[in-house]
Amino acid sequence: MQRIYIFKRFERFWHWSQALLIALMALTGFEIHGTYKLLGFEDAITVHTTSAWVLIGLWVFAIFWHLTTGEWRQYIPTTEKLLAMVRYYVTGIFTNAPHPFRVTGLSKHNPLQRLAYLVFKLVIAPTLWITGLLYLYYNAWEAWGLGDLDLETVALIHTAAAILMVVFFVGHVYMAFSGQTPLAHLKAMITGWEEVEEEKEA
Amino acid sequence: MTIVKQSFWTTIAIAVVVAAPSLAMAIGSTADHGKFEALDQQFASGPEVTRACLTCHTEAAKQIHGTKHWTWDFVNPKTGQRLGKKNVINNFCVSATPNIAECSSCHVGYGWKDDTFDFSSEENVDCLVCHDTTGTYSKKALRTPGKRKPNLKKMAQSVGPTSRATCGACHLSGGGGDAVKHGDLDPSVEHPDVFLDVHMDADGLDFTCSDCHGAKSHKVEGGRYDAKPHGNGGMTKHGKDEEHSHATCQSCHGDAPMKDEKLNEHTDKIACQTCHIPEYSRGDYPTKTWWDWSTAGTLDVDGKPFVAKDDWGWEVYNSKKGDFRWQRNVVPDYVWFNGTIRYTLLGDTFDPAKVLSVNALDGGPDDPDSRIYPVKVMRGKQPYDAVNKTLTAVQTTGKDGYWTTFDWDTAIDRGMTSVGAPYSGRYGFVETEMKWLITHMVAPADEALGCPSCHAKDGRLAAIEGVYIPGRDSNRLLDLAGYVLVLLTLAGVALHGALRVVFALRRRSRT
Ligand code: HEM
Numbered sequence: 001m002q003r004i005y006i007f008k009r010f011e012r013f014w015h016w017s018q019a020l021l022i023a024l025m026a027l028t029g030f031e032i033h034g035t036y037k038l039l040g041f042e043d044a045i046t047v048h049t050t051s052a053w054v055l056i057g058l059w060v061f062a063i064f065w066h067l068t069t070g071e072w073r074q075y076i077p078t079t080e081k082l083l084a085m086v087r088y089y090v091t092g093i094f095t096n097a098p099h100p101f102r103v104t105g106l107s108k109h110n111p112l113q114r115l116a117y118l119v120f121k122l123v124i125a126p127t128l129w130i131t132g133l134l135y136l137y138y139n140a141w142e143a144w145g146l147g148d149l150d151l152e153t154v155a156l157i158h159t160a161a162a163i164l165m166v167v168f169f170v171g172h173v174y175m176a177f178s179g180q181t182p183l184a185h186l187k188a189m190i191t192g193w194e195e196v197e198e199e200k201e202a
Numbered sequence: 203m204t205i206v207k208q209s210f211w212t213t214i215a216i217a218v219v220v221a222a223p224s225l226a227m228a229i230g231s232t233a234d235h236g237k238f239e240a241l242d243q244q245f246a247s248g249p250e251v252t253r254a255c256l257t258c259h260t261e262a263a264k265q266i267h268g269t270k271h272w273t274w275d276f277v278n279p280k281t282g283q284r285l286g287k288k289n290v291i292n293n294f295c296v297s298a299t300p301n302i303a304e305c306s307s308c309h310v311g312y313g314w315k316d317d318t319f320d321f322s323s324e325e326n327v328d329c330l331v332c333h334d335t336t337g338t339y340s341k342k343a344l345r346t347p348g349k350r351k352p353n354l355k356k357m358a359q360s361v362g363p364t365s366r367a368t369c370g371a372c373h374l375s376g377g378g379g380d381a382v383k384h385g386d387l388d389p390s391v392e393h394p395d396v397f398l399d400v401h402m403d404a405d406g407l408d409f410t411c412s413d414c415h416g417a418k419s420h421k422v423e424g425g426r427y428d429a430k431p432h433g434n435g436g437m438t439k440h441g442k443d444e445e446h447s448h449a450t451c452q453s454c455h456g457d458a459p460m461k462d463e464k465l466n467e468h469t470d471k472i473a474c475q476t477c478h479i480p481e482y483s484r485g486d487y488p489t490k491t492w493w494d495w496s497t498a499g500t501l502d503v504d505g506k507p508f509v510a511k512d513d514w515g516w517e518v519y520n521s522k523k524g525d526f527r528w529q530r531n532v533v534p535d536y537v538w539f540n541g542t543i544r545y546t547l548l549g550d551t552f553d554p555a556k557v558l559s560v561n562a563l564d565g566g567p568d569d570p571d572s573r574i575y576p577v578k579v580m581r582g583k584q585p586y587d588a589v590n591k592t593l594t595a596v597q598t599t600g601k602d603g604y605w606t607t608f609d610w611d612t613a614i615d616r617g618m619t620s621v622g623a624p625y626s627g628r629y630g631f632v633e634t635e636m637k638w639l640i641t642h643m644v645a646p647a648d649e650a651l652g653c654p655s656c657h658a659k660d661g662r663l664a665a666i667e668g669v670y671i672p673g674r675d676s677n678r679l680l681d682l683a684g685y686v687l688v689l690l691t692l693a694g695v696a697l698h699g700a701l702r703v704v705f706a707l708r709r710r711s712r713t
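These protein sequence lines map, in sequence, to chains X and P.
With the numbering used here applied, the first sequence corresponds to residues 1 to 202, in that order.
With the numbering used here applied, the second sequence corresponds to residues 203 to 713, in that order.
Next comes chain P alone, as it looks inside the complex (with noise of 0.2 Å):
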């Protein structure tokens, strides 16, 4: 029965195909994957259909391997820390790697379930997570097929460049679901209109995100962990060299790209985005802005966790991760930027009576390198421990996770455990902040902000120290100098001239 059902599937499919004009027509490649007899087969399953792709494209999964999308591991040249998702501590979900099997459906990867996993293993490789073409891939679906198996083959059959939808499975929905990380990254990007984005435009410039995160040897261009506020001094070429990185506006702006040359010499100090993404979440999704993860653990009578919404639907209370607060339409905060970012990681302690800062930027108004750069500002509080003064690691999945035992003491004893950091069997909630850089979401160009939203006492940047921003800043002193001093000669004008007028009409009435 299932042969006769999936060659039903199959006609409907090749009647697709032929109805509509190939892939490999559409995007202008000189290769249709649908001719290729590797491909013509039954795949039963997701290394499968890697080893078919290895056996053209010989070097892909060795370039895979030396990539953050699979290492999940990335010393920070500047700085020499360790990051990487396997290292890092946010304050959304906290940490990965305590909760790797759940957390690896992000990962181009099959099978990542623990400490087990072979970096080394070629069919490992997920492809298609990145290069599927027809919308039907899902690595949830992979991994616990319902009684629809997913259809492998055509997927290999229709493989192409990457898209705003295969990068968006998962940076879209960063965070443990849609919209929450990063707010200028949310699903309405994966069809946004020009107002949204310029230059992802589905009916205008339509750019995928490789178009400005360019992968030469499947090296992903660009992000946060080395991140570059201004460009390299000119314009540049995807993948030409490392350095010069093609996802900054100037690799295709140049460094002067504005018809006035007054606005130009801002460039100095300001990043573009700061002017050219007057708002982010301005897309069909609120961003989460608050986690408060000390409020997590409440049951309902029955004893069960709940959740509860706000009039738009969005949760605002979860029992296994606590409170939310969600923001659109958000002003971002503005800070001096230099591209170095300092995170707070497992280890390091701090004063937990203070807001702590998981990732610092680092940058100054003296520091040619800085620009003042919007960044959408995540708080919330989260687990540490308090004897140690560290951050925590938590297991939440699984059957030993929070989210099923709701105890916080074996939930951070296993994460801590899992990352081979010491716990000291006592822990507290620290409130946190962490900085998320703003380059999505580029308004028209007749959207940017314009001079009084920083040339005024109480701009948006009424909080950047180190520079004199005229119609900002002025000198008290001088200021009160100058009314004292034009209000006397005012006065003194006045008497003279009523003196006179006085005197002439005495003057007048004595004749």
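For reference, chain X alone in the conformation it holds in the complex (with noise of 0.2 Å):
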């Protein structure tokens, strides 16, 4: 076994409070929506909308961030491999097969998990932010010359991103446990170190 440094300090500290984040925005987001009853509507509202400014600012920082230290390039698709992590995860996996994908400083994500990320930045969050941040200036709607927009239809996209956004969480965490052991995945976001199979020599 060989240890490798991957997340790098401001990489583990954005993930976790991003998703505390999201989890608190789900479960409140949920609960405005009428889903169920938690902290009562007027407290949920607050921590949703508050919550929302604190994601928003950490996205800047992140958006910074992946800018200058060329990280965004992590994210960049790739078909490399591709098929062979899907085989992987439908097979490979029960028979511990070896992982196809070996991770590296320069390349943390394995292609389905680029993939995923990339939907979800691009996709998924972005139509939260823009749909929440209209739904919480609706009443400056008519100044900004978007009188015609209603507010149902936003709320409605923002739900729909909301639901995609769980399964999005579920997945995600489900595989947060599926690294070469269990909690390999884990400990590298937490402690920044992921243990790796020494690489043969080729």
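If you're looking for bench data, these hints aren't it; they were derived computationally from the structure.
Capping the alpha-carbon separation at 35 Å, the derived lysine-lysine pairs in DSBU-like fashion look like this:
1) P/Lys-659 with X/Lys-121
2) X/Lys-37 with P/Lys-659
3) X/Lys-37 with P/Lys-464
With the Cβ distance kept under 8 Å, some of the chain X side facing chain P (calculated, not the full set):
4) Tyr-138
5) Glu-152
6) Thr-159
7) Gly-171
The model shown is predicted, which means the values in this text are computed figures rather than measured ones.
In this text, a Cβ means the ideal position worked out from N, Cα and C, and glycines have one as well.
Each of the two chains sits in its own frame; use the hints to bring them together as a complex.
Dropping the structure here:
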């Protein structure tokens, strides 16, 4: 076994605070939606909007960080080994076959992850931010020249994206326990270090 | 003997006046009416008092002549409809005009008994009914004085501004009795505590009616014939101009008075009253919510009219009037309202098989002047012309009125004749409803409605159409798709995980 440093301090901070915020927002969001009762509508709104602002702040930092460090390249999609990954999750993982992808500091995400995170970052999250901000500034639409928009549409898109977010969340949490050892990924995101199998000299 | 008696009472009156600080001082006025020569006389009648008032207040009667309080006649500029107490029909006592000798006990004049009343007479303006401060003025006592004559001199010498008591003498007992009509105005508003009404709270702000319903030149601002469900874009001043009536919440509080910006943002769709008057009839009185005239006329075994009361002492049946229902602490109904009310007037036809709206409130979600507004809905059954399909005026009072004859046919015939409307000779009873704007009985801020009152599936605004209300509204299909998607994901993940465990155990048992 070999230990390599994958997740830098900022990345880990960003990941966990985002995870917490999104969990809170999903929890309060669906309460606002009327799915269940938890905090009460008023507190749910307060938590939801406060978290929204914190999350937006965090994202501004994260975008800046990705751009300045060049880490955004981690999310460029690739088809290389994509099928191999799919095959691994469908069969290999059960038979203890070797993982087709090897993480390195330069390439942290396997091709499936890349794709999933890209959808998260380019589709689900921005849809939530944009419709969420619109929702928040509903009374300013007229002044922004968006008078033709209607709240129902914005709310429905926001809800639809939130549903996708929950689906992503469930899948993502499960995958976190699907590393070389069940806790390997989790440890990596906490300490920054992941244990990987020694690479055989080619 | 009477002279001795009067001087005795005068002595008492003087003693009271001396002992208590004079009213002029109490209200900070620069004029003490007790010192005016014109008022230092024994008045024999109301009009005599008025003549004395007019010697100084030269324009007062002319001003009154131009008001709804005097004419009972009002043309709604928005609809062109001719309203006013003289013209409208309601589902309480139905119509004033055929019964004017009785109903004019709430007219600001002396002597309106029939259509010979002189509306140009200045001395027939009743100053005291609004400006008495002794609390002893009573139109009834003045019309039919008993042994003890009302002390008009004392009243004249202590006149002052209007009060909740003077306005309330009529407005807190509209519909023929205490608390009957409005729901948000009943005699408990004369001395309310802070919980009943934050503004009129007798131990607090102690607003009088005119603090909001300002009256420049005796023209009282506000009123439901030409109502305003929202402000005018800022604060206003009494009587500055009539367009910008003072009688809105916003005229003092502005358009965005709340600390929470999100709450302020609700004011584009929701009237202040909707959240700040969580219930009406919160005082000591229930209000009437049902009046069924069709059951009137049942007499007791002796052939006499009778009255039945509920456990609280409120009339639930009266031979003269029919069945009643009363309610207390009532959650209002809510409707879109833009300030325009359309009455069903005499002559307007309708379908008697349906519940008739006596006054329809205009407005809707796409109208920027509309707000969601609380109303008391008064329901009941009342007579109508079964052939012409119109509402009818009814003479209830007097020796030929229904309350004496118990004969609908003549009562309606006489009623219709007095308003100059045709009557086919056949009547029926139509179910009607009438909406009363709820705007008084404003609760303290911390008693205002919270979010979940409306942001819930079965909240107070469940019936309001045309707006998306988070927490109330959702798309069934989307919700269903959401549940299915999330459950499938959970199931998939659980299955995958279980398979991993099974395979791992198998591997271990093999080695
Ligand atoms: C920048 C991010 C976000 C902003 C600005 C935002 C803002 C809002 C706002 C303003 C509302 C309406 C609440 C109200 O009535 O005042 C709302 C509702 C909601 N939010 Fe968000 N939100 C964001 C992110 C999220 C996320 C990450 C989730 C879930 C994972 C989420 C789920 C929901 C749901 C389900 C509703 C209820 C929608 C409805 O029933 O109409 N939101 N959000």
